[in-house]
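Engineer: First residue of the sequence shown: 1, per full-length UniProt numbering; consecutive thereafter.
Any given hint could turn out to be false.
Said to hold, decoys possible - Derived Cβ-Cβ restraints for the label pairs, each shown as a range:
id : residue 1 : residue 2 : range
1  : 74        : 191       : 27 to 37 Å
2  : 139       : 61        : 27 to 37 Å
3  : 61        : 153       : 23 to 33 Å
As the list claims (entries may be wrong) - DSSO-like mimics (lysine-lysine), calculated; alpha carbons at most 30 Å apart, straight line:
id : residue 1 : residue 2
4  : 95        : 41
5  : 163       : 194
6  : 95        : 149
7  : 163       : 39
8  : 194       : 39
9  : 163       : 202
10 : 149       : 163
11 : 95        : 43
12 : 163       : 95
13 : 163       : 146
14 : 194       : 149
15 : 202       : 146
16 : 95        : 39
17 : 202       : 149
18 : 202       : 41
Derived by calculation from the structure, the hints in this document are not laboratory data.
The C-beta atom is built at its ideal place from N, Cα and C for all residues, glycine as well.
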Amino acid sequence: MKGIDRICFLTDARAGGSPGAVVRALLESGIRWVQYREKDKTKRDMYEEALHLRELTRRFGACFIVNDYADLALAVDADGVHLGQDDLPLAEARKIMGHRIIGISAHSLREAEEAERGGADYIGFGSIFPTTTKEVGAPRGVEVLKEIKAAVRIPVIAIGGIKADNAASVFAAGCDGVAVSSGLFCGDVRENAKRFLEIAHKGRVKREE
1 MKGIDRICFL TDARAGGSPG AVVRALLESG IRWVQYREKD KTKRDMYEEA
51 LHLRELTRRF GACFIVNDYA DLALAVDADG VHLGQDDLPL AEARKIMGHR
101 IIGISAHSLR EAEEAERGGA DYIGFGSIFP TTTKEVGAPR GVEVLKEIKA
151 AVRIPVIAIG GIKADNAASV FAAGCDGVAV SSGLFCGDVR ENAKRFLEIA
201 HKGRVKREE
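Assemble the whole structure, with the sequences as input and the hints as a guide.
Structural biologist: Printed below as a string of structure tokens:
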């Protein structure tokens, strides 16, 4: 399995248009994990978009994950799929995905432990802070994140309301990476990427001291 990157970009339809231009700029700026998240387009349109992003990420040696749809992930040769609690059961997804990465969203310690026992490769835990994205749930805070990290051995990616001004506290809680959407695509994409990568690097250095 490819290693968890410290900064994981989640595409968002709110950015407008095709995510290709934003993703390209982020890849050129050093982001190496892209997660395709789309619910409102047709499966055909999602396939075309995801295929383009797969080609871009492969060019930069970046990991590409598809949200929710194992069949789409397999069709575009993605590195893996990320599943929510109401998506295809992990055991069934593993039959489709084989050795590829499977991440699971968890909103509690119980869900995180169940995901690990079920064979998930990583957990997306949140929401850490308030967010307008409904599927990540109510804010749980960094203290619960610390509990999750202490309880499971697989990597934990923190998600939900993470911005440049609060990311350091999330890394300090011990997460393996942070999932970011609007914090990267709003404003100057390249400057945002640079700032987040610097925060991630400082967080790694502090943990190693």
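Engineer: Does residue 149 lie within 30 Å of residue 202 when you go C-alpha to C-alpha?
Structural biologist: holds, 19 Å
Engineer: Sort out whether residue 149 lies within 30 Å of residue 95, counting only the CA atoms.
Structural biologist: Within the cut-off at roughly 27 Å; holds.
Engineer: Is residue 95 close enough to residue 43, meaning Cα to Cα at most 30 Å?
Structural biologist: Roughly 21 Å between the alpha carbons, so the hint for residue 95 and residue 43 holds.
Engineer: Taking only the CA atoms, is the gap from residue 163 to residue 39 under or equal to 30 Å?
Structural biologist: Answer holds: residue 163 to residue 39 is near 23 Å, not above 30 Å.
Engineer: Taking only the CA atoms, is the gap from residue 163 to residue 202 under or equal to 30 Å?
Structural biologist: Holds, at about 15 Å.
Engineer: Mind checking the alpha carbons of residue 95 and residue 41 for me, to see if they're no more than 30 Å apart?
Structural biologist: holds, 26 Å
Engineer: Run the distance test for residue 163 versus residue 95: straight-line Cα separation, threshold 30 Å.
Structural biologist: Violated: residue 163 and residue 95 sit about 36 Å apart, past 30 Å.
Engineer: Between the alpha carbons of residue 202 and residue 41, is the straight-line distance 30 Å or under?
Structural biologist: violated, 38 Å
Engineer: Can you confirm whether the C-alpha distance between residue 194 and residue 39 stays at or below 30 Å?
Structural biologist: At roughly 29 Å apart (the allowed maximum being 30 Å), residue 39 and residue 194 satisfy the hint.
Engineer: Does residue 163 lie within 30 Å of residue 149 when you go C-alpha to C-alpha?
Structural biologist: At roughly 20 Å apart (the allowed maximum being 30 Å), residue 163 and residue 149 satisfy the hint.
Engineer: For the pair we were handed, residue 194 and residue 149, check the Cα-Cα distance against 30 Å.
Structural biologist: holds, 26 Å
Engineer: Taking 27 to 37 Å as the hint, is the beta-carbon distance of residue 139 and residue 61 inside that range?
Structural biologist: holds, 34 Å
The structure does not agree with the numbered hints 12, 18 stated previously, though it agrees with the rest.
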